[in-house]
Amino acid sequence: METGMVEINDIQNNCIELYKNKFRYSLFYAVLILISIILLFFGIDKQSSTTSLINRHSQSINNFICFAQGDKWIVVTTIFYPTKAIYKFLNLTTQWNLIVIADQKTPKDWLLHLSINSSRLIYLSIEQQNTLDFRILHYLPYGSYARKNLGYLIAIKCGAKIIFESDDDNLLETNDIYFLPKIVQQKHVPWIGFHRQRSPFINIYG
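Numbering-wise, this note's numbering comes out as the position in the sequence shown, counting from 1, plus 69.
Be aware that one or more of the hints could be misleading.
Pairwise CB distance ranges (calculated) [to be verified]:
1. Ile102 with His182: 43 to 51 Å
2. Lys230 with His182: 25 to 33 Å
3. Leu240 with Ile195: 19 to 27 Å
4. Tyr214 with Leu241: 12 to 20 Å
5. Ile102 with Lys226: 30 to 38 Å
6. Ile102 with Ile231: 51 to 59 Å
7. Asp236 with Ile185: 16 to 24 Å
Don't read these hints as lab results, they were simulated from the structure.
Small disclaimer: the values here were computed from a predicted structure and weren't measured.
All C-beta atoms in this analysis are idealised placements derived from N, C-alpha and C, irrespective of residue type, glycine included.
Using the sequences and the hints, build the whole thing.
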């Protein structure tokens, strides 16, 4: 009788242990499936955002109304992947829009390497630039900062009242862009040596 009781208890204990193990495995697989679903969701969402960004920048400039509007624009040229300066321009304290003018040496997958999906960015590849209906286009050489003129014209088309001209290797020291007041007095403009004379005028490309 005691032997029978012992065997029954052993069987019960084995069953309980079996159910515990089964529960652990079920819980493990449930967590694994949940993690897979989350990773899949975020992967699709990121891919969708990237695809949306590329599609938005793939259309001809002549065929769309500016998706970014504003009175303050930054215009740069680049032949590199997105730099620290680019990211800083897109994360300033006050809202500035950014136009990036590509050149022949600019990586074709530049947008794919942009780790943020910014609605304040207009990226113009060489192919897109060639669709622009600007007569100046035929006079702008490749490999020249003169191609920024296309950026200025697009910025004006999109509402620019102030254009900040910069480059992708000019990292701002502050988190914002400061400019002279509308009514400028002499004290606002530093007088710097120019052609051996003190003058408030500076030719930055001279």
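Here is how each hint holds up against the structure:
Against the hinted window of 43 to 51 Å, the Cβ-Cβ separation of Ile102 and His182 comes to about 32 Å, which falls outside the hint. Range check, Lys230 to His182: about 31 Å between beta-carbon atoms, so the 25 to 33 Å window is met. In this structure the supplied range 19 to 27 Å holds for Leu240 paired with Ile195, their Cβ-Cβ distance being about 26 Å. A hinted range of 12 to 20 Å holds for the C-beta pair Tyr214 and Leu241, which are about 18 Å apart.
Range check, Ile102 to Lys226: Cβ separation about 50 Å, and the 30 to 38 Å hint is violated. Distance hint check for Ile102 and Ile231: the Cβ-Cβ separation is about 53 Å, which falls inside the suggested range of 51 to 59 Å. Taking the beta carbon of each, Asp236 and Ile185 are about 20 Å apart, inside 16 to 24 Å as hinted.
Violated hints, in rising order: 1, 5; the structure is consistent with all others.
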